[in-house]
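Engineer: Residue numbers (my numbering), protein chains in the order written: chain A, 1 to 256; chain B, 1 to 198; chain C, 1 to 198.
Honestly, the hints are just simulated from the structure, not real lab data.
Values in this document were obtained by computation on a predicted structure and should not be read as measured data.
Hints may contain errors.
As the list claims (entries may be wrong) - Lysine-lysine pairs mimicking DSSO-like chemistry, simulated, CA-CA at most 30 Å apart:
{"no.": "1", "chain 1": "B", "residue 1": "Lys7", "chain 2": "B", "residue 2": "Lys46"}
{"no.": "2", "chain 1": "C", "residue 1": "Lys79", "chain 2": "B", "residue 2": "Lys25"}
{"no.": "3", "chain 1": "C", "residue 1": "Lys5", "chain 2": "B", "residue 2": "Lys160"}
{"no.": "4", "chain 1": "B", "residue 1": "Lys160", "chain 2": "C", "residue 2": "Lys79"}
{"no.": "5", "chain 1": "B", "residue 1": "Lys129", "chain 2": "A", "residue 2": "Lys109"}
{"no.": "6", "chain 1": "B", "residue 1": "Lys5", "chain 2": "C", "residue 2": "Lys79"}
{"no.": "7", "chain 1": "A", "residue 1": "Lys227", "chain 2": "A", "residue 2": "Lys248"}
{"no.": "8", "chain 1": "B", "residue 1": "Lys46", "chain 2": "C", "residue 2": "Lys5"}
{"no.": "9", "chain 1": "B", "residue 1": "Lys118", "chain 2": "A", "residue 2": "Lys109"}
{"no.": "10", "chain 1": "B", "residue 1": "Lys5", "chain 2": "C", "residue 2": "Lys47"}
{"no.": "11", "chain 1": "B", "residue 1": "Lys118", "chain 2": "A", "residue 2": "Lys112"}
{"no.": "12", "chain 1": "C", "residue 1": "Lys47", "chain 2": "B", "residue 2": "Lys47"}
{"no.": "13", "chain 1": "B", "residue 1": "Lys7", "chain 2": "C", "residue 2": "Lys5"}
{"no.": "14", "chain 1": "B", "residue 1": "Lys5", "chain 2": "C", "residue 2": "Lys46"}
{"no.": "15", "chain 1": "C", "residue 1": "Lys160", "chain 2": "B", "residue 2": "Lys133"}
{"no.": "16", "chain 1": "B", "residue 1": "Lys121", "chain 2": "A", "residue 2": "Lys112"}
{"no.": "17", "chain 1": "A", "residue 1": "Lys112", "chain 2": "B", "residue 2": "Lys7"}
{"no.": "18", "chain 1": "B", "residue 1": "Lys25", "chain 2": "C", "residue 2": "Lys5"}
{"no.": "19", "chain 1": "C", "residue 1": "Lys79", "chain 2": "B", "residue 2": "Lys46"}
{"no.": "20", "chain 1": "B", "residue 1": "Lys7", "chain 2": "C", "residue 2": "Lys7"}
{"no.": "21", "chain 1": "B", "residue 1": "Lys118", "chain 2": "A", "residue 2": "Lys71"}
{"no.": "22", "chain 1": "B", "residue 1": "Lys46", "chain 2": "C", "residue 2": "Lys47"}
{"no.": "23", "chain 1": "B", "residue 1": "Lys46", "chain 2": "C", "residue 2": "Lys7"}
{"no.": "24", "chain 1": "B", "residue 1": "Lys129", "chain 2": "C", "residue 2": "Lys160"}
{"no.": "25", "chain 1": "C", "residue 1": "Lys79", "chain 2": "B", "residue 2": "Lys47"}
{"no.": "26", "chain 1": "A", "residue 1": "Lys112", "chain 2": "B", "residue 2": "Lys160"}
{"no.": "27", "chain 1": "B", "residue 1": "Lys133", "chain 2": "A", "residue 2": "Lys109"}
{"no.": "28", "chain 1": "B", "residue 1": "Lys121", "chain 2": "A", "residue 2": "Lys109"}
{"no.": "29", "chain 1": "A", "residue 1": "Lys111", "chain 2": "B", "residue 2": "Lys118"}
{"no.": "30", "chain 1": "C", "residue 1": "Lys46", "chain 2": "B", "residue 2": "Lys46"}
{"no.": "31", "chain 1": "A", "residue 1": "Lys112", "chain 2": "B", "residue 2": "Lys129"}
Claimed, not checked - Partial pick of chain B residues on the chain C-facing surface, computed with a CB cut under 8 Å:
{"no.": "32", "residue": "Val10"}
{"no.": "33", "residue": "Thr69"}
{"no.": "34", "residue": "Tyr102"}
Every residue, glycine too, gets a C-beta built ideally from N, C-alpha and C.
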Amino acid sequence: MSYSIKLDSFEGPLDLLLHLIDKAEVDIYDIPIAEITEQYLITIQTMHELQLDVASEFVVMAATLLSIKSKLLLPKKEEQQLDMSLYDYDMDEMDPRDDLVQRLLEYKKFKKVAEQLREMEMGRSHVFTRPAEDLTPYVREEEQPAIKNVTLFDMVQALENMIQRLKTKDPVTKVSRDEVSIKDRMTEIRQLVKVGGGHVRFSQLFVNDVSRTEIVTTFLALLELMKSKAITCVQNQLFTDIMISEVKGGNNSGFE
Amino acid sequence: MDLNKMKSVVEGLLFLAGDEGLESKQIAEILELNEARVIDLMDEMKKDFIQAGRGIQIVEVARAYQFTTLPEHMPYFEKMAHSPTNSTLSQAALETLAIVAYRQPITRSDIEEIRGVKCEKALHTLMTKVLIKEIGRAEGIGRPILYGTTREFLDYFGLKDIGDLPEPPVNLSMELDELEASQLFAKKEITENDQTLE
Amino acid sequence: MDLNKMKSVVEGLLFLAGDEGLESKQIAEILELNEARVIDLMDEMKKDFIQAGRGIQIVEVARAYQFTTLPEHMPYFEKMAHSPTNSTLSQAALETLAIVAYRQPITRSDIEEIRGVKCEKALHTLMTKVLIKEIGRAEGIGRPILYGTTREFLDYFGLKDIGDLPEPPVNLSMELDELEASQLFAKKEITENDQTLE
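Bound conformation, chain A alone (with noise of 0.2 Å):
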C-alpha cells in the first residue's frame, strides 16, 4: 500500500471500506470490487500482525467481500441459471456489488450527519446557564397545585444532577468543635457491637438526630476498629444496613 492508515481509528468494516475507496477515488456505484478486497484484505492481516483485535465483524466483511469478487468472475450465463431457481427471472441483471453499495451510502448518510452533530456538540458546549429557580415561594399556600408531568425517571435524574453538581462544589467550610474522641467512640461501639450480641447494624450507631462531627468521629472509629482488626463490617446489598460484627479471637482491645 502506498499510503499509511491508522488501523484503530475505524468504526468498522463499512468506515474502513469508505476509507479505502475514498482513498483509491472510485465511484462508490462502480468500486473496482478486485482492487479493494485486496487492499481491504492487507489491511485486515495488518491490523493482526499489529496484534490489534480484529472484530468479528472485519472478517465477515472480508468474505462478503471475496464472495462478491467470485461473483462477479463467474461467466453471466452460468450464474443466471444458478439464480434462476431462487430468484425472479428480473433479478437476473442484479449486480452482487448493489446491496454492500446501499449499506455503504447509508452508512456515509449518518457518518456525515454525526459530523454536523459533533459541530453542535461544540457549539453547545461553548454556552452555560443555570438551574430552574424553585418558584414555590410564589405559590399561594391555599391551592398548591397538584403535580403533573413529573415520572419517576426525572425523580432519578434530579438526584443524579444533584450529584453532579455537588461533585463539582467545594464543600462549604464551617469550623466546629470535636466533642466526641474518636478513643470514646470505639470504646461505645464496642460496647454496642456486645451489648448486641456481637452484632450491631450501622444505623443503630446513630440513635439521635447527630450533629456531622459524630458521624465523622464513628466513622473514624470504624475504621480504626477495622484496622485493627476488631470489628468487620458487611453490606450485602446496596442501600441495605451495614452489619458490623464482633471479629471472634481477633484484636480484643481495638486500642494501639
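Model the placement of chains B and C on the given structure of chain A, informed by the hints.
Structural biologist: Structure of chains B and C alone, referenced to chain A:
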C-alpha cells in the same frame, strides 16, 4: 401592558425558568397574550439582546426559550460553571445517536445493520447520558426494544425540536458531480470577473 | 477589554452565579481588574439596568453581587408558579423527594446533609402535595421527625411498593455514599485543623 414592560417581565420569567426554559404557550398564558404575539415578541427580544451587546442570549431548546451565556465568553466561565455538554461523545456513540435520531423508533439490530458493527456499548453510553431511551417494543420474535431520542438529546445539541435536525445529505453519489459543478461555477465566476476586469 | 465587553462578561457571570452571587474580589480576579475598578463597574451596571428597564436587577447581598427579579413583577411569577403547564415539581423538590424515597425513614437534617442546602421549603411543598409524610420520630435529643413516602407517592408513580423503585441509572447509592463521605472527610479536615489550633 406596554412593550417595554412585557419585555421586562419576560426577562424575569426566563431568568427564573433557567435551563428548564419556557414555551411560548406558557409565556402567552402568563402575559395573557396570544401565542403568535409572543413568538414575535421573543424574536424581537432575541434581536434586542444582540444589538444591546448583552451578556446573555435567548435560545430555543426543546421548544422552550431559555437564557444562555455567549459562546465567546466561555473562557471566563470555565472556572465556575457546569456546561450542559461537559464531555464529548465518542465517534461510535455519535454515529449510533445519529442513526437513532433519524430512524427512531429503531431496534438495536437495525442500528447494527447500518453501522456494520455491534453497538451495545454505544447504546449503553447513550442511555446513561439520557440522550436516548426505550420507547417501546417492536412486534415479532423477542419483541426487541425500540429506541428513540429524549428531551435531553434536544438540549444536548441545542435543538428546538426533532425537526430541527440537520437535513441528511440527500444523494451522496452526487457529491463528486456537485463538487465538479461547484468548481465549474467557481471557474466561471473567475472568468466573468476576469472579463469585467478587462 | 473594553467597557461593553466587561459589562457583557459580568452579566454572564452573575447569571451563572445564581443566588450565591459573586464578590467584587472574585469578579476582579476573573476579569483581571483591580477591585476598586470592579466596584465602580458594578455601580455603573446597576444604573444601566434600571435605566434600560431591565427585568432583572443587580443587588448586593452579604457582600456578593447577584441578580434578582423585580418585586413589582411578583404577580407574573405567581402566575408562572400556578400555570398548569408548570405544575410539575421544582428541581429542589424532586431532589428532596428522591432522597426521601431512597433513604426513608430520614430526618430533615440528614436530607440537608446530603443536599448541602436547606430543604424546609421543598419538604413543605412535598407534604402539601401528599407525596411524603411524617412517619415517626427518631430516638434521641429533640426526637426529630422522620419522613417517608406516602401511598399517593406510589399511586402517582404507578409503583406497587417502594421496592419497585427503579435502580438509579448510575450507581446512585454508591455515589451518594461517596458524596457523603467526601463531605465528611472535608469536615474531618476542618475538625483536625481545629484541634491543631487549640
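Engineer: Against each hint, give a clear statement of whether it holds in the structure.
Structural biologist: Structure-based check of each hint:
no. : hint                   : result
1   : B:Lys7 with B:Lys46    : 11 Å, holds
2   : C:Lys79 with B:Lys25   : 13 Å, holds
3   : C:Lys5 with B:Lys160   : 28 Å, holds
4   : B:Lys160 with C:Lys79  : 25 Å, holds
5   : B:Lys129 with A:Lys109 : 24 Å, holds
6   : B:Lys5 with C:Lys79    : 16 Å, holds
7   : A:Lys227 with A:Lys248 : 15 Å, holds
8   : B:Lys46 with C:Lys5    : 18 Å, holds
9   : B:Lys118 with A:Lys109 : 18 Å, holds
10  : B:Lys5 with C:Lys47    : 18 Å, holds
11  : B:Lys118 with A:Lys112 : 20 Å, holds
12  : C:Lys47 with B:Lys47   : 22 Å, holds
13  : B:Lys7 with C:Lys5     : 23 Å, holds
14  : B:Lys5 with C:Lys46    : 18 Å, holds
15  : C:Lys160 with B:Lys133 : 23 Å, holds
16  : B:Lys121 with A:Lys112 : 21 Å, holds
17  : A:Lys112 with B:Lys7   : 40 Å, violated
18  : B:Lys25 with C:Lys5    : 34 Å, violated
19  : C:Lys79 with B:Lys46   : 24 Å, holds
20  : B:Lys7 with C:Lys7     : 20 Å, holds
21  : B:Lys118 with A:Lys71  : 28 Å, holds
22  : B:Lys46 with C:Lys47   : 22 Å, holds
23  : B:Lys46 with C:Lys7    : 18 Å, holds
24  : B:Lys129 with C:Lys160 : 27 Å, holds
25  : C:Lys79 with B:Lys47   : 27 Å, holds
26  : A:Lys112 with B:Lys160 : 21 Å, holds
27  : B:Lys133 with A:Lys109 : 23 Å, holds
28  : B:Lys121 with A:Lys109 : 22 Å, holds
29  : A:Lys111 with B:Lys118 : 16 Å, holds
30  : C:Lys46 with B:Lys46   : 22 Å, holds
31  : A:Lys112 with B:Lys129 : 22 Å, holds
32  : Val10                  : 7 Å, holds
33  : Thr69                  : 4 Å, holds
34  : Tyr102                 : 25 Å, violated
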